[in-house]
Amino acid sequence: MPQMRRFVLLLLVVSSTAAAVLVLGTILAGQGFSVLELGILALFGLLFAWITTAFWLSLAGFVLHVLGRPGHRLAERAAIAEDGVKAERSRVALVMPIYNEDPQRVLAGLQATLTSLLRHRHDSRFELFILSDSTDPEVWLAEELAWSQLNREFAGKLPVFYRHRPKNLARKSGNIADFCQSWGYRYDYMVVLDADSIMSGHCLVSLVNRMDANPKVGLIQVPPTPVLRESFFARSQQFAASVFGPIYGTGLSFWFQDSANYWGHNAIIRVAPFMAHCGLPTLPGKEPFGGEILSHDFVEAALLRRAGWEVWLADDLSGSFEEPPPTLIDHAKRDRRWCQGNLQHLRVVFAEGLRPLSRLHLAMGIMAYMSSVFWFVLLVLSGLEALRQAQTEHSYFMEGDLFPNWPVSYAFEAATLLAITLSILYLPKVFGYLTLFLDHRRLMAHGGGVRAGLSLLLESLTSILLAPILMLFQLGFVVSILAGRSVRWAAQKRDDDETSWAEAGAVHLSHTAVAAIAGWVSWHSLPDFFPWLTPVLLGPLLAIPLSRLTSRVDLGRALRRWGLFLTPCESDRPAVLEDLCRRLTALEQDVPAAPRRGTLFEKAIADPFMNALHLTLLARESRSKSERLRLDALVAKLQEQGVESLTRAQRSDLLSDPASMTALHALAWQSSEEGPLSLGQSAAASKRA
Numbered sequence: 003m004p005q006m007r008r009f010v011l012l013l014l015v016v017s018s019t020a021a022a023v024l025v026l027g028t029i030l031a032g033q034g035f036s037v038l039e040l041g042i043l044a045l046f047g048l049l050f051a052w053i054t055t056a057f058w059l060s061l062a063g064f065v066l067h068v069l070g071r072p073g074h075r076l077a078e079r080a081a082i083a084e085d086g087v088k089a090e091r092s093r094v095a096l097v098m099p100i101y102n103e104d105p106q107r108v109l110a111g112l113q114a115t116l117t118s119l120l121r122h123r124h125d126s127r128f129e130l131f132i133l134s135d136s137t138d139p140e141v142w143l144a145e146e147l148a149w150s151q152l153n154r155e156f157a158g159k160l161p162v163f164y165r166h167r168p169k170n171l172a173r174k175s176g177n178i179a180d181f182c183q184s185w186g187y188r189y190d191y192m193v194v195l196d197a198d199s200i201m202s203g204h205c206l207v208s209l210v211n212r213m214d215a216n217p218k219v220g221l222i223q224v225p226p227t228p229v230l231r232e233s234f235f236a237r238s239q240q241f242a243a244s245v246f247g248p249i250y251g252t253g254l255s256f257w258f259q260d261s262a263n264y265w266g267h268n269a270i271i272r273v274a275p276f277m278a279h280c281g282l283p284t285l286p287g288k289e290p291f292g293g294e295i296l297s298h299d300f301v302e303a304a305l306l307r308r309a310g311w312e313v314w315l316a317d318d319l320s321g322s323f324e325e326p327p328p329t330l331i332d333h334a335k336r337d338r339r340w341c342q343g344n345l346q347h348l349r350v351v352f353a354e355g356l357r358p359l360s361r362l363h364l365a366m367g368i369m370a371y372m373s374s375v376f377w378f379v380l381l382v383l384s385g386l387e388a389l390r391q392a393q394t395e396h397s398y399f400m401e402g403d404l405f406p407n408w409p410v411s412y413a414f415e416a417a418t419l420l421a422i423t424l425s426i427l428y429l430p431k432v433f434g435y436l437t438l439f440l441d442h443r444r445l446m447a448h449g450g451g452v453r454a455g456l457s458l459l460l461e462s463l464t465s466i467l468l469a470p471i472l473m474l475f476q477l478g479f480v481v482s483i484l485a486g487r488s489v490r491w492a493a494q495k496r497d498d499d500e501t502s503w504a505e506a507g508a509v510h511l512s513h514t515a516v517a518a519i520a521g522w523v524s525w526h527s528l529p530d531f532f533p534w535l536t537p538v539l540l541g542p543l544l545a546i547p548l549s550r551l552t553s554r555v556d557l558g559r560a561l562r563r564w565g566l567f568l569t570p571c572e573s574d575r576p577a578v579l580e581d582l583c584r585r586l587t588a589l590e591q592d593v594p595a596a597p598r599r600g601t602l603f604e605k606a607i608a609d610p611f612m613n614a615l616h617l618t619l620l621a622r623e624s625r626s627k628s629e630r631l632r633l634d635a636l637v638a639k640l641q642e643q644g645v646e647s648l649t650r651a652q653r654s655d656l657l658s659d660p661a662s663m664t665a666l667h668a669l670a671w672q673s674s675e676e677g678p679l680s681l682g683q684s685a686a687a688s689k690r691a
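The sequence shown maps to residues 3 to 691 in this note's numbering.
Worth double-checking, as some hints may not be accurate.
[As the list claims (entries may be wrong)] Listed below are the simulated DSS-like cross-link pairs for lysine-lysine, each with C-alpha atoms no more than 30 Å apart in a straight line:
| # | residue 1 | residue 2 |
| --- | --- | --- |
| 1 | LYS335 | LYS169 |
| 2 | LYS169 | LYS288 |
| 3 | LYS605 | LYS639 |
| 4 | LYS627 | LYS639 |
| 5 | LYS335 | LYS288 |
| 6 | LYS639 | LYS288 |
| 7 | LYS639 | LYS169 |
| 8 | LYS627 | LYS605 |
| 9 | LYS431 | LYS335 |
| 10 | LYS169 | LYS605 |
If you're looking for bench data, these hints aren't it; they were derived computationally from the structure.
Predicted, not measured: the structure shown is a model, and the values here were computed from it.
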């Protein structure tokens with residue numbers, strides 16, 4: 003049955019693309035094909051197949067929603083377990099890899115998730131691991147304090163563990179691999195969370211029950227719903243995901259069944275097969291195409307499928323959330339990392355033993371970014387072909403003929419093809435909007451039919467303007483990767499910080515320049531072609547004010563007051579999000595004055611509680627003689643010159659060494675009978691004495 007579904011999908015995509023290419027070929031073949039026309043035809047076929055795949059996915063999801071979506075196969079098998087009849091025997095690790103994130107935001111999300119989980123009687127199966135790769139010593143120490151607070155809050159209810167790696171080898175995938183090698187054997191499953199992930203207790207328990215009832219399943223991915231951001235850009239993304247996302251998710255689940263994909267977080271994984279089959283190789287060659295695999299999730303799903311394990315998308319489960327980037331520029335920064343990771347899959351897609359659908363997932367990830375390159379090249383080729391046609395002299399009287407040989411008009415065919423292409427691009431949005439009317443509560447949670455319709459139009463206009471800007475962003479990413487520039491791993495911005503005019507100008511000036519030059523050339527050389535380019539040029543021409551405008555939080559909040567871009571997570575907030583928002587509000591109202599550099603580092607030296615807490619969490623490692631001498635020299639430098647004399651890396655080195663932290667604590671308290679002094683202060687006092 004799954005094979006038949008996939009064959010039907012392939013047939014629909016191929017037949018749709020073939021028909022469109024045939025129509026375009028008929029239009030272009032009036033006097034034979036030029037090289038430019040052959041290039042246009044090839045690129046059009048590739049891109050039409052890309053967009054029509056998304057169309058058939060969404061159409062299947064829409065039809066299933068209209069007919070009444072059947073129960074998920076995994077849920078049906080787990081029905082007994084979800085009723086509480088199945089014995090509790092599986093052990094589950096909630097693992098959250100973090101890297102220089104805001105510890106208080108991470109803490110609030112975990113508190114909300116664990117509180118929701120404790121409302122269920124199955125919570126004894128779960129344990130939490132916070133896996134830190136943070137390189138900033140201040141963040142590292144703040145994480146330890148957050149863990150201590152979390153541990154006290156859930157003491158006796160749910161175990162909470164914290165581990166910090168001094169060196170973040172292999173980034174996130176290396177962090178997870180280190181957990182598996184150290185503690186994975188203790189657990190049947192692990193639920194991977196991102197720093198901004200929030201999951202309800204019901205969702206977590208349902209995932210475990212489904213794994214218990216389906217022993218052939220290696221991974222279940224729950225689509226994360228973007229929530230909680232308030233800028234115009236983020237709220238438009240949240241609205242689109244809430245309205246259009248469900249039909250895409252249902253379509254993906256319907257077509258791919260047990261060969262779904264993994265998106266890196268908000269998923270449950272069977273630990274034993276993951277450890278046995280998902281060790282990632284280091285790709286030969288230098289970055290960006292060689293080295294560590296950045297987009298590890300697609301590859302790990304492919305390796306599980308190669309080993310015979312099923313991978314499912316639980317599109318029917320709610321209670322899985324994440325936070326989207328707040329601005330267009332932040333979205334592009336995240337896209338840059340994903341682009342390099344997905345293009346690395348060019349080295350993986352032909353790996354031995356991968357299943358055809360796994361290769362398709364990898365290819366679709368590559369195409370997500372290469373499509374922007376192909377669209378750009380298609381526009382350039384179309385412009386060159388229009389210029390060639392404009393400069394070609396047409397002779398309508400052939401030698402020996404009494405009557406002119408007028409060219410055949412294909413205006414109807416061209417208009418029809420354009421209408422079909424635009425429909426394929428836009429109809430999935432209409433499908434998503436129509437599904438709102440199948441559930442009155444869901445419709446009202448989106449503002450009602452009229453406001454949801456206005457939101458749809460506003461989101462569509464925003465997408466039309468931003469799509470060419472994103473195309474230019476991704477074109478630049480691909481070019482920079484091909485030029486050998488690798489991405490730097492940095493923490494993602496998760497706050498609603500607005501884009502300044504200066505930042506917008508610096509980032510988007512090149513986009514505006516490209517659009518202005520293309521428009522000027524088209525207007526002077528191809529005035530008939532210029533109107534067709536206008537929708538593509540308008541967004542980049544306005545990129546600077548658009549980027550600034552869409553980043554504004556006050557505008558996003560105003561739209562919410564007017565009932566636009568509403569989502570159920572705003573108008574009918576789930577309990578786990580309500581809890582999180584309450585905690586975040588309390589944090590905002592209790593923001594301390596910004597500490598000067600090194601404050602927590604100094605406290606970790608002088609404060610007995612922080613010093614003891616930090617030493618308790620440190621791993622004991624033997625040091626070479628040269629390393630011991632280097633660390634002792636840093637202790638002496640700190641004692642003589644104070645904290646400000648040390649670089650961030652040097653402070654991290656001292657924090658990683660129990661002997662150094664013990665010695666520094668003793669030195670701080672030996673400086674004064676009344677209490678500890680900062681070491682720079684104590685050195686000065688000693689000199690005065």
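Consistency of the hints with the structure:
Distance restraint check for LYS335 and LYS169: the Cα-Cα separation of roughly 24 Å lies within the 30 Å cut-off, and the hinted pair is therefore satisfied. Distance hint between LYS169 and LYS288 is fulfilled; the C-alpha atoms sit about 20 Å from each other, no more than 30 Å. Between LYS605 and LYS639 the CA atoms are separated by roughly 18 Å; this keeps the pair inside 30 Å, and the hint holds. Among the hinted pairs, LYS627 with LYS639 is consistent with the structure: their alpha-carbon atoms are about 18 Å apart, no more than 30 Å.
Among the hinted pairs, LYS335 with LYS288 is consistent with the structure: their alpha-carbon atoms are about 22 Å apart, no more than 30 Å. This hinted pair does not check out: LYS639 and LYS288 have alpha carbons roughly 38 Å apart, beyond 30 Å. For a cut-off of 30 Å, the pair hint linking LYS639 to LYS169 stands: about 23 Å separates their Cα positions. Proximity of LYS627 to LYS605 is assessed by CA-CA distance (about 28 Å); at most 30 Å being required, the pair is judged to hold.
The straight-line distance between the Cα atoms of LYS431 and LYS335 is roughly 26 Å, inside the 30 Å bound, and the hint therefore holds. A hinted pair counts as satisfied when its Cα atoms are at most 30 Å apart, and LYS169 with LYS605 qualifies at roughly 23 Å.
The structure fails to meet hint 6 from the earlier list, while all remaining hints are met.
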